[in-house]
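Protein chains in written order, with the numbering used here: chain A, 53 to 252; chain B, 53 to 252; chain C, 53 to 252; chain D, 53 to 252.
Quick caveat, the hints were computed from the structure, so don't treat them as lab data. Computed from a predicted structure; not experimentally measured. Every residue, glycine too, gets a C-beta built ideally from N, C-alpha and C. Not one of these hints is a red herring.
Residues from chain D that face chain C, not an exhaustive set, calculated with beta carbons under 7 angstroms:
#1 165
#2 240
#3 244
Number of protein chains: 4
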Amino acid sequence: MSLATAAIIAAGRRMDRHGWVPATAGNLSVRLSPGLIAITRSGGHKGLLEPEDVIQVDLDGAPQRQGDRPSAETGLHCGIYRHFPEAGAVLHGHSVAVTVLSRLGGDAIRLSGYELLKAFPGLPTHDATITLPVFDNDQDIPRLQAAVGERWRQAEAVVPGYLIRGHGIYVWGADMPAALMRLEALEFMLACEMEQRRIA
Amino acid sequence: MSLATAAIIAAGRRMDRHGWVPATAGNLSVRLSPGLIAITRSGGHKGLLEPEDVIQVDLDGAPQRQGDRPSAETGLHCGIYRHFPEAGAVLHGHSVAVTVLSRLGGDAIRLSGYELLKAFPGLPTHDATITLPVFDNDQDIPRLQAAVGERWRQAEAVVPGYLIRGHGIYVWGADMPAALMRLEALEFMLACEMEQRRIA
Amino acid sequence: MSLATAAIIAAGRRMDRHGWVPATAGNLSVRLSPGLIAITRSGGHKGLLEPEDVIQVDLDGAPQRQGDRPSAETGLHCGIYRHFPEAGAVLHGHSVAVTVLSRLGGDAIRLSGYELLKAFPGLPTHDATITLPVFDNDQDIPRLQAAVGERWRQAEAVVPGYLIRGHGIYVWGADMPAALMRLEALEFMLACEMEQRRIA
Amino acid sequence: MSLATAAIIAAGRRMDRHGWVPATAGNLSVRLSPGLIAITRSGGHKGLLEPEDVIQVDLDGAPQRQGDRPSAETGLHCGIYRHFPEAGAVLHGHSVAVTVLSRLGGDAIRLSGYELLKAFPGLPTHDATITLPVFDNDQDIPRLQAAVGERWRQAEAVVPGYLIRGHGIYVWGADMPAALMRLEALEFMLACEMEQRRIA
Numbered sequence: 053m054s055l056a057t058a059a060i061i062a063a064g065r066r067m068d069r070h071g072w073v074p075a076t077a078g079n080l081s082v083r084l085s086p087g088l089i090a091i092t093r094s095g096g097h098k099g100l101l102e103p104e105d106v107i108q109v110d111l112d113g114a115p116q117r118q119g120d121r122p123s124a125e126t127g128l129h130c131g132i133y134r135h136f137p138e139a140g141a142v143l144h145g146h147s148v149a150v151t152v153l154s155r156l157g158g159d160a161i162r163l164s165g166y167e168l169l170k171a172f173p174g175l176p177t178h179d180a181t182i183t184l185p186v187f188d189n190d191q192d193i194p195r196l197q198a199a200v201g202e203r204w205r206q207a208e209a210v211v212p213g214y215l216i217r218g219h220g221i222y223v224w225g226a227d228m229p230a231a232l233m234r235l236e237a238l239e240f241m242l243a244c245e246m247e248q249r250r251i252a
Numbered sequence: 053m054s055l056a057t058a059a060i061i062a063a064g065r066r067m068d069r070h071g072w073v074p075a076t077a078g079n080l081s082v083r084l085s086p087g088l089i090a091i092t093r094s095g096g097h098k099g100l101l102e103p104e105d106v107i108q109v110d111l112d113g114a115p116q117r118q119g120d121r122p123s124a125e126t127g128l129h130c131g132i133y134r135h136f137p138e139a140g141a142v143l144h145g146h147s148v149a150v151t152v153l154s155r156l157g158g159d160a161i162r163l164s165g166y167e168l169l170k171a172f173p174g175l176p177t178h179d180a181t182i183t184l185p186v187f188d189n190d191q192d193i194p195r196l197q198a199a200v201g202e203r204w205r206q207a208e209a210v211v212p213g214y215l216i217r218g219h220g221i222y223v224w225g226a227d228m229p230a231a232l233m234r235l236e237a238l239e240f241m242l243a244c245e246m247e248q249r250r251i252a
Numbered sequence: 053m054s055l056a057t058a059a060i061i062a063a064g065r066r067m068d069r070h071g072w073v074p075a076t077a078g079n080l081s082v083r084l085s086p087g088l089i090a091i092t093r094s095g096g097h098k099g100l101l102e103p104e105d106v107i108q109v110d111l112d113g114a115p116q117r118q119g120d121r122p123s124a125e126t127g128l129h130c131g132i133y134r135h136f137p138e139a140g141a142v143l144h145g146h147s148v149a150v151t152v153l154s155r156l157g158g159d160a161i162r163l164s165g166y167e168l169l170k171a172f173p174g175l176p177t178h179d180a181t182i183t184l185p186v187f188d189n190d191q192d193i194p195r196l197q198a199a200v201g202e203r204w205r206q207a208e209a210v211v212p213g214y215l216i217r218g219h220g221i222y223v224w225g226a227d228m229p230a231a232l233m234r235l236e237a238l239e240f241m242l243a244c245e246m247e248q249r250r251i252a
Numbered sequence: 053m054s055l056a057t058a059a060i061i062a063a064g065r066r067m068d069r070h071g072w073v074p075a076t077a078g079n080l081s082v083r084l085s086p087g088l089i090a091i092t093r094s095g096g097h098k099g100l101l102e103p104e105d106v107i108q109v110d111l112d113g114a115p116q117r118q119g120d121r122p123s124a125e126t127g128l129h130c131g132i133y134r135h136f137p138e139a140g141a142v143l144h145g146h147s148v149a150v151t152v153l154s155r156l157g158g159d160a161i162r163l164s165g166y167e168l169l170k171a172f173p174g175l176p177t178h179d180a181t182i183t184l185p186v187f188d189n190d191q192d193i194p195r196l197q198a199a200v201g202e203r204w205r206q207a208e209a210v211v212p213g214y215l216i217r218g219h220g221i222y223v224w225g226a227d228m229p230a231a232l233m234r235l236e237a238l239e240f241m242l243a244c245e246m247e248q249r250r251i252a
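Isolated chain A, as found in the complex (with noise of 0.2 angstroms):
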């Protein structure tokens, strides 16, 4: 087992402890080289991948093995890694603060007044606001990058994730251990936005 693979199967095991990852949802991807993708296969439970389940694909999605069926949004993974040749791993995982928050409407939240925003670039201080782009959602995934895509380009500056309404999120980082470490500042600050509406 390559330590790409071996990479994604423990985020994956992570991503499920938290619950991010329920009824075969969510998906994982790592850049092995500048054009070539490590990235689970569709439907199986992401918390419980094998190294079977991480298959190859090239920077348009295409599996480099004959029969391997990617998963149904690696379109999206594909799009992050075109886009920002720093990317270095991908994550997509459901939870409840992103699906209920995403629901509300709106096409941005507003992240401020946080610590953990010191997590991403270009934020060193809490001082800051940064803003999550929400899409509507969309079983055609090149039409879904395509707006995503076009959002990164108006964009001053490109916060390093965004979520798609009533679905769930999606981050990335230089490695694995940044996406993750992104992964769980966004989640633990959308769950911190979730439980002051329930008070305010």
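The hints should help you fit chains B, C and D onto chain A, whose structure is shown.
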């Protein structure tokens, strides 16, 4: 230990980690052959199952070994296996979300706009709605099963799950992984429903 | 290690997984013989018990070995064992639900319409109601036990559990599995009660 | 591996199970001798510590080995060790309850009527109130420590804990078990406070 028994024990542990089999409640079964079911015996904590806690019954719920006491709700498992020849596994759990939402009243819970709806047959897109029937609790299991069967007959399309008010959820699938996946999907969406009601 | 000690250690770990024995709070006991009780010693985290953390006391709470310091609330365990000869195990835990609901005021919490009510003696149907007494907290344990004993004498039927305001819950059963089952059932229903108050 | 390092690693794992060290946040330390502290290094996930993640600093926070990078908030740990000679361990974590409650505003959080208040010095009864100071977040650690020290000087009695707004909690005790116990007690009571605000 047979594969079916191992699957039941593992599923019980997974449900227990979620808190879905409290206080010896809940029950799990697998179809061994068209007319033979492996099911958890009465009593005993479903998160701490041993091989001897899994017994065999026929489609009428009659134990195949003298002295075995099947779960009290065996009749509901058998009702599913009799109505749906393709059903290979049935899970019954108790969660706070199921208990609280079902006690709010009504004879159904509608779920729409969730990506996880794709876990259900005939629903390839998140744009659909599934309607989960809710039945009043009843200690007379044959009578309860009759009410459930009647609703199935009237329904245009049967969703592979239903709720019993103040009690729990029944979910089934072609095999244990499919049943577990649908249970996780429903519990996730019901948890979202409950969170939404706290905020709105 | 005796079976009783092993049962106490395992129950402590299970309660800890639920978060019911925070900060060295909580205590667990088992009746070894009509007049001899095995109980957790004072201090020490009940989720990390070792065999030496379980000591023996008589029905008046007097340690059987010189130098042993029983739990501060030993008198409440002994009160249960003295009043109820059939009691074989007593569990005391602290949960957020118990703490918050008891602080809302009142001298009882009523639970009705839950399937899990079947876990309690004389209640074969979900249609019943159990009334859990709630007592004001008191550092004078003999005085608190006197108040508890008085409520038992006045009650038509004694429910095998009670709450201490802002403090925790006491539950008992014929043996440790029975006590654990009743504790899980009560905590589950109290969690539902708390969720209901957030929504309604 | 020294006992102090083992204690730090185990405490980090326990805090991680609670979700209190998300995204490499949080830090843990133990006093090795009057002027020497073992503390977690900068970066790295505190739930996945290895022996090499624990370094040594003096009471001014200066690393004892060239090249070591102590946690960014080392100054706050050292502030506690300098002011309180009896302090033997300091824990810093991030929880949703701490983050949300501190963001509601105010310079203190009052806790009263909880049995778990007995975990704090000079408070042998549940009838007391403790006042947890809340400080505005500040990336200038010496300035933040100065504000904390000033509040300690003015206080009649110092509670061994304080909150940093939108950031986290600092707790200390004579040794790691004592610090962990106080952290669990405070987090439990703060979780109750948050639940209460949802209901009332």
